[in-house]
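Colleague: Residue strings, one per chain:
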Amino acid sequence: MQTKMMIFFLFFGLSFALLIAAVAIPPSAIGDVLRLILVALAMLFDMLALSSRFYTYMLLPILKQRKKEIVLTEEAAYWLSSTGDSTLRKEGEEYIATVYVSIPIYKSSTEMNPEEKMNFSMQISRLLGLSKSPVRFTTEMYIMNKDSYIAKLRDTITNIENKEIKMSQDNAGGKEAERVHGELAMWRNMLDSMTSASSFELASYASVTGKGFKEYEAIALAQQKASELMAGIASTLGVTPSIVTGNAILKFIEPEYLIPLSTITEQINKNVLNEEVA
Amino acid sequence: MDEEEVVYLTITYVVALMAIVMASAFKAVSIVVIAMAVFTMAMLAMINWSDYVVFPAVTKLLGITFQPAGGYKIISDQSAIVKNAGGIFYATGYVTANIFAFTFKEEFVEENVGDQLVQASERWERAIRAITFPFKFHVVSASRDVQKVREEIEGKRSYQEFQLSRAQQSGGTSESVMIDINRKMRITQAQLDRISQGEKPISTLMYMETTAYGVSEKAAVDMLTTQINQLQIAFTSFDLSLERVQGREIYTLFNFNFLLPVDASDIASLFSQQG
Numbered sequence: 023m024q025t026k027m028m029i030f031f032l033f034f035g036l037s038f039a040l041l042i043a044a045v046a047i048p049p050s051a052i053g054d055v056l057r058l059i060l061v062a063l064a065m066l067f068d069m070l071a072l073s074s075r076f077y078t079y080m081l082l083p084i085l086k087q088r089k090k091e092i093v094l095t096e097e098a099a100y101w102l103s104s105t106g107d108s109t110l111r112k113e114g115e116e117y118i119a120t121v122y123v124s125i126p127i128y129k130s131s132t133e134m135n136p137e138e139k140m141n142f143s144m145q146i147s148r149l150l151g152l153s154k155s156p157v158r159f160t161t162e163m164y165i166m167n168k169d170s171y172i173a174k175l176r177d178t179i180t181n182i183e184n185k186e187i188k189m190s191q192d193n194a195g196g197k198e199a200e201r202v203h204g205e206l207a208m209w210r211n212m213l214d215s216m217t218s219a220s221s222f223e224l225a226s227y228a229s230v231t232g233k234g235f236k237e238y239e240a241i242a243l244a245q246q247k248a249s250e251l252m253a254g255i256a257s258t259l260g261v262t263p264s265i266v267t268g269n270a271i272l273k274f275i276e277p278e279y280l281i282p283l284s285t286i287t288e289q290i291n292k293n294v295l296n297e298e299v300a
Numbered sequence: 008m009d010e011e012e013v014v015y016l017t018i019t020y021v022v023a024l025m026a027i028v029m030a031s032a033f034k035a036v037s038i039v040v041i042a043m044a045v046f047t048m049a050m051l052a053m054i055n056w057s058d059y060v061v062f063p064a065v066t067k068l069l070g071i072t073f074q075p076a077g078g079y080k081i082i083s084d085q086s087a088i089v090k091n092a093g094g095i096f097y098a099t100g101y102v103t104a105n106i107f108a109f110t111f112k113e114e115f116v117e118e119n120v121g122d123q124l125v126q127a128s129e130r131w132e133r134a135i136r137a138i139t140f141p142f143k144f145h146v147v148s149a150s151r152d153v154q155k156v157r158e159e160i161e162g163k164r165s166y167q168e169f170q171l172s173r174a175q176q177s178g179g180t181s182e183s184v185m186i187d188i189n190r191k192m193r194i195t196q197a198q199l200d201r202i203s204q205g206e207k208p209i210s211t212l213m214y215m216e217t218t219a220y221g222v223s224e225k226a227a228v229d230m231l232t233t234q235i236n237q238l239q240i241a242f243t244s245f246d247l248s249l250e251r252v253q254g255r256e257i258y259t260l261f262n263f264n265f266l267l268p269v270d271a272s273d274i275a276s277l278f279s280q281q282g
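Chains as they are written, first to last, in the numbering used here: chain A, 23 to 300; chain B, 8 to 282.
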């Protein structure tokens with residue numbers, strides 16, 4: 023807040039001083055041009071003064087760097103704590119820890135009667151008023167990562183293909199060859215249907231933040247808030263919430279974890295194929 | 008308008024007004040000085056009330072991009088944050104989802120709230136069934152002290168009653184002013200009624216987030232725009248204000264992934280423009 027006010031008064035002071043300087047210059051042909059330039063600058067700094075209310079984070083780097091790609095910070099947005107149960111970030115002198123709490127809800131309105139639907143909505147309303155300090159509740163829909171399953175399918179197909187090749191080399195025929203051929207077709211169909219459309223997962227979680235002058239202070243405060251929140255969630259919804267740890271946190275932060283790379287590659291290949299056909 | 012806003016606006020208007028007052032000192036160029044001052048005053052009003060239009064337009068015009076953190080980039084029109092991971096571009100955008108009508112404009116306590124609560128989960132499921140891309144629905148909330156809020160609202164109502172009696176006594180007050188005061192009083196009364204009925208006052212901020220990918224930044228941003236349009240269509244059945252977030256709010260919402268405001272009042276001050 024102090025920096026923001028200082029910048030505001032700096033711009034305002036400059037604007038004021040330039041305007042006074044413009045008035046003080048004696049009128050003449052060159053003097054008038056100079057005065058107009060000073061007035062224009064005074065007005066510009068006046069606008070910058072007001073803009074500094076919300077845009078200090080942007081204005082200072084623009085003025086300092088004077089280029090098109092402005093770097094607000096080179097540092098990573100966060101790092102995972104050594105305990106693996108929170109993310110950390112440094113803002114000025116303070117550390118900020120964020121803890122993610124998973125809320126496992128496996129209910130659907132399709133299997134509820136009107137009274138249950140009403141109760142469920144009331145529970146969600148109560149959930150939002152659980153904490154006095156801000157909590158972020160999120161429902162996230164992301165594309166399921168089927169990579170390992172698809173890899174397993176591909177392995178199976180390769181094995182059966184090898185078997186089929188061996189059988190044809192041995193001139194084996196009859197019912198066994200037909201069975202292997204049928205099995206291969208089945209697995210290929212399975213792979214096609216698996217890769218033809220994306221499957222989605224829905225996850226709900228809450229996040230809370232704690233601040234401190236030491237890393238452990240911030241983490242402890244965030245963990246304490248998370249524990250209180252978890253107790254509230256458990257009693258309100260009747261589920262068992264848990265603190266998200268390790269790489270599972272990335273799914274809630276990093277965009278690339280929302281869409282598996284294999285899905286993207288598949289989609290890009292399909293687009294290329296469609297363009298070629300067209 | 009909050010107090011901070013009044014202070015900022017008043018102080019900055021002083022310079023522009025001074026330029027108009029002192030215009031006679033500029034003699035031959037006084038008209039130009041007045042024109043510049045008037046233009047500045049108009050710009051100050053625009054910056055104050057719609058900075059999310061002015062600043063993205065300026066940065067887009069100048070082609071300025073921002074790096075809010077290592078590996079991320081806010082594009083020049085400040086409507087998306089792009090990340091390049093392994094040669095694939097991921098563009099993330101935000102849409103506001105605040106229940107403006109319910110919170111701020113409603114003059115009467117709705118009688119069919121029960122029906123709405125019954126339908127809410129069904130509507131939600133119907134909306135997300137129509138979505139075929141990753142998205143997140145966020146609600147940042149903090150409960151408020153019931154007694155404190157009640158006192159605030161009662162104070163507001165007393166002031167409105169005073170305004171009404173003064174307007175009635177003066178006699179010359181126009182009908183539109185009286186209607187406006189009465190409307191404000193009904194809104195305040197509705198808020199009090201809700202608290203009396205056991206509703207807990209909560210500060211909330213709701214927004215949606217979606218991510219699109221592409222082999223180039225443009226492809227990802229174009230796909231993101233399509234996804235945001237689809238999100239807005241999917242959630243039209245809800246009484247929500249669905250606006251694409253641009254400008255400083257995008258930076259704040261990006262930071263919400265790593266730090267939330269400590270106090271509930273910060274939520275309102277951070278989002279005075281787009282809600």
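Hint data in this document are derived by calculation from the structure and do not stem from the laboratory.
Quick reminder that beta carbons are idealized off the backbone N, C-alpha and C, glycines included.
One or more hints might be untrue.
To give an idea of the interface, some chain B residues facing chain A are shown, with a C-beta separation under 7 Å as derived from the structure [to be verified]:
#1 22
#2 226
#3 266
In silico PhoX-like links for lysine-lysine, alpha-carbon gap of 20 Å or less [unchecked claim]:
#4 A/90 with B/90
#5 B/155 with B/225
#6 A/174 with A/185
#7 B/67 with A/90
#8 A/154 with B/155
#9 B/163 with B/191
#10 B/191 with A/89
#11 B/225 with A/90
Colleague: Please go over all the hints and tell whether each is borne out by the structure.
Modeller: Each hint, compared with the structure:
1. The closest approach between the C-beta of residue 22 of chain B and any C-beta of chain A is roughly 4 Å, which is under the 7 Å cut-off, so the hint is satisfied.
2. The closest approach between the C-beta of residue 226 of chain B and any C-beta of chain A is roughly 10 Å, which is over the 7 Å cut-off, so the hint fails.
3. A cut of 7 Å between beta carbons decides the hint on residue 266 of chain B: the least distance to chain A is about 4 Å, and the hint holds.
4. This hinted pair checks out: residue 90 of chain A and residue 90 of chain B have alpha carbons roughly 18 Å apart, not beyond 20 Å.
5. Of the supplied pair hints, the one linking residue 155 of chain B and residue 225 of chain B is violated, its CA atoms being roughly 49 Å apart against a limit of 20 Å.
6. Note on residue 174 of chain A and residue 185 of chain A: the hinted pairing holds, with a Cα-Cα distance of about 17 Å set against a maximum of 20 Å.
7. Between the alpha carbons of residue 67 of chain B and residue 90 of chain A the distance comes to roughly 10 Å, so the proposed pair stays at or under 20 Å and holds.
8. Taken as a hint, the residue 154 of chain A and residue 155 of chain B pair is honoured in the structure, with Cα atoms around 13 Å apart against an allowance of 20 Å.
9. Note on residue 163 of chain B and residue 191 of chain B: the hinted pairing holds, with a Cα-Cα distance of about 10 Å set against a maximum of 20 Å.
10. For the hint linking residue 191 of chain B to residue 89 of chain A, the alpha-carbon distance of about 49 Å lies beyond 20 Å, and the restraint is violated.
11. Of the supplied pair hints, the one linking residue 225 of chain B and residue 90 of chain A holds, its CA atoms being roughly 18 Å apart against a limit of 20 Å.
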